[in-house]
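Turn these sequences into a full structure, and let the hints guide you.
Our numbering runs 61 ahead of the 1-based position in the sequence shown.
These are computed hints drawn from the structure, not numbers from a lab.
A few of these clues could be false.
[To be verified] Cross-link-like lysine-lysine pairs, in silico, DSSO-like; alpha carbons within 27 angstroms at most:
#	residue 1	residue 2
1	Lys-218	Lys-164
2	Lys-95	Lys-357
3	Lys-150	Lys-190
4	Lys-207	Lys-364
5	Lys-186	Lys-323
6	Lys-253	Lys-171
7	Lys-164	Lys-323
8	Lys-189	Lys-218
9	Lys-323	Lys-171
10	Lys-164	Lys-67
11	Lys-370	Lys-95
12	Lys-226	Lys-95
13	Lys-189	Lys-150
14	Lys-370	Lys-350
15	Lys-323	Lys-305
16	Lys-171	Lys-379
17	Lys-323	Lys-67
18	Lys-379	Lys-218
19	Lys-95	Lys-271
20	Lys-207	Lys-253
21	Lys-305	Lys-276
22	Lys-175	Lys-323
[As the list claims (entries may be wrong)] Label-pair ranges, simulated between beta-carbon atoms:
#	residue 1	residue 2	range
23	Leu-273	Tyr-324	42 to 50 angstroms
24	Leu-252	Lys-175	31 to 39 angstroms
25	Lys-171	Gly-311	48 to 56 angstroms
26	Lys-150	Asn-338	39 to 47 angstroms
Note that the Cβ used here is the ideal one computed from N, Cα and C, for glycine as well.
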Amino acid sequence: MSMLSKVDELIESSHDEVLMCKKWNVFYRDNLYKEVYGRIWPSTHRYYFEANPSFLTEYKNFADMQRFPIIMLRDGLITLSAFFLSNPKPPADLESIFLVSKKWEHIVPKPWHKNVALYSFSRPKVAKKPITVLGFGIFNEYSFWKNTPEECFLRVKDLIPADSKKVFYMPMRERSVFQSVDESPVYTNSLKLLFQHFGSDFELITNNNKVLSTKLEAGDAILNITPDNLLCSDNYLNHFFSSKNIGELGLEETKSASSGRKYALSLYHDVCISEINSEGEAFASMFYKMRILNVKPSELNPKFHIFLKELNRKGSLKI
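Printed below as a string of structure tokens:
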């Protein structure tokens, strides 16, 4: 049976006993990342799909994962690379299928291909002349490894029509990721760039709950200011507004392969599942350098974060 046929079967035969959202006994592997995902809420807010969208740290171990025949990993580079570098081969008895963001296809080791498929999203078309544009993002260091804050806000300025009403969601968080790291300079610089490019001609939202009550209609648009965040590859806000038929500015259209599968998440957007094609060269290179430098692959290890950042800076790791 092909991978996509397996995914089809698992999604179609889903029931309460294999749905994470129906479970009360969720075993977090560590409380640190439980707190991290709480601090960047609502981007990490849970949503329903039969493939169990969730984060790696919500599972204590492989035995815990085996409770669910299919798991859609919302993780970004940090936790995904730590997981695969710590487990370059899946356990022999692992039957669960993992769905990984297509963005991170290149870091999946080849031995994992029999347990991994990829996901991307088909989203509403954006209005040609949006009346209102809501910009949002995750404003911490892990959003700016690929592009600097200056480059991100220049992109925002280029994408938003001058005559559109502008609303920006920038939650104030002094410790937005780890308690030991002061993220306020990143936030302050982002806020400074916002005023530099738009003056005072915008509405600013800093309250987490208020962004979910922002009224947008089909003629409006959203804009992810930090699309390359490395902690979360599947932002709930994209789903929330896609379900209301709100398109996103600057989003490349997803072209699913003819052999892929589409599953509706709402009337207006779908998740697209495809088979993995990467040969795993990027992972092999990353694994070799990690062993040479004797870096422990753990999302809890600050040296591992520095290791990944250096690989990206030198062009050895694509984001």
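Against the earlier hints, flag every one the structure doesn't satisfy and list their numbers going up. 3, 6, 12, 13, 23, 24, 25 and 26
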